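Engineer: Please work from the sequences and hints to get the whole structure.
So the protein sequences, as listed, match chains R and P.
Residues in the first sequence are numbered consecutively from 1, following my numbering.
Residues in the second sequence are numbered consecutively from 124, following my numbering.
Don't read these hints as lab results, they were simulated from the structure.
Any given hint might turn out to be false.
Pairs of lysine-lysine residues, derived as BS3-like cross-links and limited to a Cα-Cα distance of at most 25 Å, are as follows [unchecked claim]:
#1 K283(P) x K28(R)
#2 K28(R) x K18(R)
#3 K168(P) x K99(R)
This structure is a prediction, so every number in the text was calculated from the model and none was measured.
Each chain, written out:
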Amino acid sequence: MAILTDDNYVDKAEKVIKSLNRNKRDPKLFILTTSKIRNLLNLTSTLFDESKVREYKDLADKIAYLRVQFVYQSGRETSVKDLVKKAEILDILKEINNKESLQRFCRYMEALVAYFRFYGGKD
Amino acid sequence: MKTEYRTFQFSLLSMAPIHIGSGDKYTSREFIYENGYFYFPDMGKFYNRMVEKGYDQKFERFLQERKPRASNNRLISFLLDNRISDRDFGGYRIKETGLETEENDNDSKLGAINEVVKFMRDPFGTPYIPGSSLKGAIRTILMNTNPDWNNKKVVDTRGKRPKENKNMISWGAKKGKEFNDLFNAIRVSDSKPFSNESLILVQKWDCSAKLLKVKPLPLYREAIAPLTKVEFTITTTTAEAATLIEKFEDKALEFYKGYKNFFLKDFPEDKIQDNIDYPIYLGAGSGAWTKTIFKQANGIIQDRHKKPVQTKMKGKGVLKLTKAPMKSVKTTQATRKLIMNNESFYEMGKANFMIREILQ
Chain R
1 MAILTDDNYV
11 DKAEKVIKSL
21 NRNKRDPKLF
31 ILTTSKIRNL
41 LNLTSTLFDE
51 SKVREYKDLA
61 DKIAYLRVQF
71 VYQSGRETSV
81 KDLVKKAEIL
91 DILKEINNKE
101 SLQRFCRYME
111 ALVAYFRFYG
121 GKD
Chain P
124 MKTEYRTFQF
134 SLLSMAPIHI
144 GSGDKYTSRE
154 FIYENGYFYF
164 PDMGKFYNRM
174 VEKGYDQKFE
184 RFLQERKPRA
194 SNNRLISFLL
204 DNRISDRDFG
214 GYRIKETGLE
224 TEENDNDSKL
234 GAINEVVKFM
244 RDPFGTPYIP
254 GSSLKGAIRT
264 ILMNTNPDWN
274 NKKVVDTRGK
284 RPKENKNMIS
294 WGAKKGKEFN
304 DLFNAIRVSD
314 SKPFSNESLI
324 LVQKWDCSAK
334 LLKVKPLPLY
344 REAIAPLTKV
354 EFTITTTTAE
364 AATLIEKFED
374 KALEFYKGYK
384 NFFLKDFPED
394 KIQDNIDYPI
404 YLGAGSGAWT
414 KTIFKQANGI
424 IQDRHKKPVQ
434 TKMKGKGVLK
444 LTKAPMKSVK
454 TTQATRKLIM
464 NNESFYEMGK
474 ANFMIREILQ
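Structural biologist: Structure (structure tokens):
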């Protein structure tokens, strides 16, 4: 059973963001910063645009490298690691095998950013 | 409204490194420093090859670890450690200038630089300057030098923070009114794409007004090397717009004079470059006062940087410099150095230009 489906990815994103670690002094704030989460979205947004005009097999290189970039970014910052773990991003990336699942994943990243902003993440 | 197209050739000469960003960057592990070149491979291709060779696990581990010496955390050290001699990963190379040393780091080995901000590129991967960037720089000069636009009314104080009153200059269609949009009548083309050989990597250096000390920042940009020529065409469609472009060279001088009196005068003269033609500031790192209507923005910009966590902006801020190889230019009178100091400091984003009408 796939982790991400068309029906659950928005709710899943909301749950993930709600469960993120928060600043101890000011619980309204996340430890994760907007620029960090935006960096992650940047990785997928170009892929999303390209997936609309190019064949899935032409993107395989980039999708494989995407995984590596997520690993790299989470290694640099614990707050990113927290997100990548709770959002199960690496597992979902393994599940991507066609255009639909790729686009769903990109939408999922967008949903994460949207809920991050909604629940107090600041610019 | 009568339409009369007039075309102008706008010849830009970079006086200092100019960076137009695409919004993307290379992280410190996405380039290979070797034999005097920075090689930026196509990382998708690179990773694919690592998978083929069975190095993918090792590569992922390399990305996650952090060794104490910065130079051991660069892609080249991964390739050397695993004896990978392939270098055909697509992408492109940029020649080093020798000034890219990361002096903030504990080892100042060449090539141990941090993130590099990417230059704007077209779909073929060749760098170019978008006309919108130049048009913005033109607009800044026009707005600063016109008293109708450079006054208190340009600040919109409604809302949380003061911002620019965007309706100062009429734009867009208005119902029942004749279409009058000045900046629609000034059309700036993109530049022709230029080769990667015109690009160098430059570091950001800040010069403070009080201490007059220059310090390097861990930020590198792909930038056009000094003395690169870039051509644009500007087309105007109304008489009013054409007059503005005809007068633009003088406006640029006027703006520069004001800018010098307002800001540049606080800094050592040897860090400021003399002009050959008409001055303009373009792209990243040239500083807030070259991007704003500085008389009106003075105070507002400082207020925005009051947050105690961030570094507070002192006075009018720092002069933003960069290092690039020293170059000379032949003018009609003599051969002249582009910079007045011996430390290779240039004013980031400084360019000169000339405008000539193209008569059909």
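Engineer: Can the restraint linking K28(R) and K18(R) be considered satisfied, given a maximum Cα separation of 25 Å?
Structural biologist: holds, 11 Å
Engineer: So if I understand the rule, the pair passes when the alpha-carbon distance is 25 Å or less; does K283(P) with K28(R) pass?
Structural biologist: holds, 21 Å
Engineer: Sort out whether K99(R) lies within 25 Å of K168(P), counting only the CA atoms.
Structural biologist: holds, 20 Å
No hint from the list above goes unmet by this structure.
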